Amino acid sequence: MTEASKPPPPASSPETIPSVAARLAFYQRAGGVITPLLTAVVAFFIAGLVILVTTHKNPLSTYRAIFDGTGLNWFFHVGSHSIGLPFSDSRVWFPWDTGSAAAMNLQQTLIVVTPLILTGLAVAFAFRCGLFNIGGNGQYTVGAVVAVQFGIWFAGLPGPLHVLLAMAAATVAGAMWAGIAGLLKATVGAHEVITTIMLNWIALWIASYLVGFGGPMQDPRQISAPVTRQIAESAKLKIFWGNALLQGLHIGIVIAIFALFVYWIVLNRTTLGYEVKAVGFNPEAARYGGISVARNYFLAMAISGAFAGLAGAIDILGWEFNLDLTEVQSVQIGFIGIAVALLGRNTAVGVFLSAILFGALLTGTSTRNLDPTIFKPELAGNLTRIIQGLVVLFVGADLIILYLWQARRKLPFARKADQR
Amino acid sequence: MVDDERPVLELRGITKRFPGVLANDHVDFDLRRREVHALLGENGAGKSTLMNVLYGLYSPDEGEIRIKGDPVRMRSPKDAIDHGIGMVHQHFMLIPVMTVAENIVLGNEPLDAGVLLDYGAARKRVEELARTFGFRIDPDARVEAITVGQQQRVEILKALYRGAEILILDEPTAVLTPQEALELFEILRTLVREGMSIIFISHKLGEVLEIADRITVLRRGKAVDTVPRAGATEEGLARMMVGREVLLRVEKAAAQPTDPALRVEDIRVLDDRRLEAVRGVSFEVRRGEIVGIAGVDGNGQSELIDALSGLRHPTSGKVRLGDRDVTGASAGQILDLGLGHIPEDRQRRGLVLDFTLAENIALHDFDRPPNSRFGWLFPKRMIRRAQGLLRQFDVRGGGAQTRAAALSGGNQQKVVLAREMARDPKLLIAAQPTRGLDVGAIEFVHRRLVEARDGGEAVLLVSLELDEILSLSDRILVLYEGRVVAEHGPDVTEEELGIEMTGGRGKEAVA
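Top line first, the protein sequences correspond to chains A and B.
Everything in the first sequence is counted per the numbering used here, starting at 1 for the first residue and increasing by one.
Everything in the second sequence is counted per the numbering used here, starting at 1001 for the first residue and increasing by one.
Since the hints were derived computationally from the structure, they do not count as laboratory data.
Among the hints, a few may not be true.
[To be verified] Sample of chain B residues at the chain A side, in silico, Cβ under 7 Å:
no., residue
1, Ala1331
2, Asp1354
3, Ser1372
It should be emphasised that the depicted structure is a prediction, and the values quoted were computed from it without experimental measurement.
Every residue, glycine too, gets a C-beta built ideally from N, C-alpha and C.
Start from the sequences and build out the full structure, keeping to the hints where you can.
This is the structure:
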């Protein structure tokens, strides 16, 4: 083959180097879907081994019980049912039974998924700007406190207005809380990991003081309990599936899904998103391109905090209705949001799916939902944490996964080169 | 000078694959005793990979290495060193606060009573070595205090001290001034006379023809051919490297400068360590001319460019773009006033590698029509505009929606060029516009710069390559230690510039 005399082959020619672009794109696409999937699978597998070794239970039946506890099995029981449309008297045919036990479990799962989507988005948005927002928990707490207070005030307002007002106030509060970290990063370069962690503790203790014994927000009629008053009826989110008395599913899930769209649109269709991503990928190039890096650090943190603040508001207005001290001090939603964003690769779809995974794990292993004859629910909570920890651990394992992926492809490639 | 005995080193059918890339494809290479064998090729042709295989840093997927006829396996650089191979990397691996002698013996120190470094002995052995091979070097000088050229000699001595008989030099002249390069060639000739064999890696045609006995050209991971120096020409080698005819000289008419586009008055700029890197520089660039700034790396070029583009603010002095005073203006403002800026580091600054080409091309004007309106982006318009420019600038290896990271260096540079030139800037700053590019891409960039000039743009060319400065510039300024020390017309010689670039003494201080 007289290579030297030929013109350079076109980029798509299979045997030459220029197909790098194609291959790189392929790896990324492959890594984009396969890595998170394998991450989850490997995490479940290892957790299964833990179950087997420590309790001598069958991991498969345990997982099955957890799965049933999440209510996700609901989708597999197709039948013929007549249901009432929410907010109306009309009845329509529907393939699933909306009143079954599984349906109620599913409602619980989705109630937990809702704030996870939002705190996941909070972490993901900051990540896109190259910032690590560990302060989701604090921003969530601030949002919850503000939502409770606004839900108590303005009791006379018409329902939708009151809800909107309380949510807006909580969102702004969350944005301002995270904005402090953004401002410090933008002006004096204080690392956001440090400042957001510090702000978490500040939020926790301020909230503890506010709702705790003798605090300004403590319910004066319940001097024996560190808890705020209930929010007004007008501030509660509508329940559109299930029984309001049995904690049915409120419209917060719709808001969270709407937030996913907003997230995608801001990142992909606005100049703000362009700037945030440019700064996140390469701050030096962004600066050279005329983009203010400091401004984007501040904005990205503020928007990130807005998502987390909204999560706090939706939990309060949707099903908690008041805030108590134990709740304030044991919130984990913001931290689980980190795992959600990591596993979801900071994409809208990924965050949605991984929020469902983590939400399902939380409800599936809860004392209320897990069948105690199969696995002790008091151990199951730890199982959630094990899986969660493993997922975070393996998220850093792109390289291992890609390596295995390449090793699999290595053989045919080598043969092709030899046949030349 | 070449002994016609058995090769001291043979590489047979070396193949090395990386994910998606065949970096070396059955490469054969042999090195005879007492010869300089140049390995010539564009960036990414597989030169460094081949040498890293030889030096034990990579293990080859196929092929074998023979030293003096015996097959060997290189599992690590230690194996390579044990087989008498020494490598001088492009980036030196020296400890700045230690003396020359300490650096040379490091890792294999003569010990005093088996514990402490016997500095006297170390010094003596270094002096012996230096004498044998005709090096002029002060063993007691601290490495941070000597010139880059001398540091390179320390690296060479380090390899010789460890018993190297085969030396690999990876792009050794990249960091040197022309004078230093000549001195290096002198040293290499001495080494060869003393029995060494040298592999000289380069992508510069001129120096390969000057120093090498034989030349092997690599292209796309394959050894195209091995030719003796006698009879080889720059044109022929360039054709082998690129695979087609290449125009090595830039054709251009005399400049027709008009009114000044950039006026710099006595500016002073601090570097990152807050030391004054630009110390009172004044000049102007007129429309229709290319002004070249020559200088050894680190003499204030980067800080000067940063100050002109608003990425760094001068502590005193004035910068005027057209008739506007832009001293202290932000990068965005200066861009809006008509600056085009090809930055010296395209990967760190010029491109967002994770963005698509369309997004990269919109980097300066994503926030205004037609790319966006009221903060709403129109990706389709960005893509359409990018497609036109990519065609116009002959960017290969990807389309408007390919990520910039997937492109080769030359094509990445063309994307930057397309973005900056399409803005029809009043002033175009081209910093190192061909760094790391191969001959074919260099030709393209040079032609475009001359076209920009002929189209009435003012071009400020900052380059470490004297060839480039000389072949493109209509006026040449020499920057030395933050000051403009000389100004020339286009017909100054390389030697003159070289002397001025090193402070006018021409000789090294510690030599």
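>> Going through the numbered hints above, which ones does this structure break? Give me the numbers in ascending order.
In response: Hint check: nothing fails, all pass.
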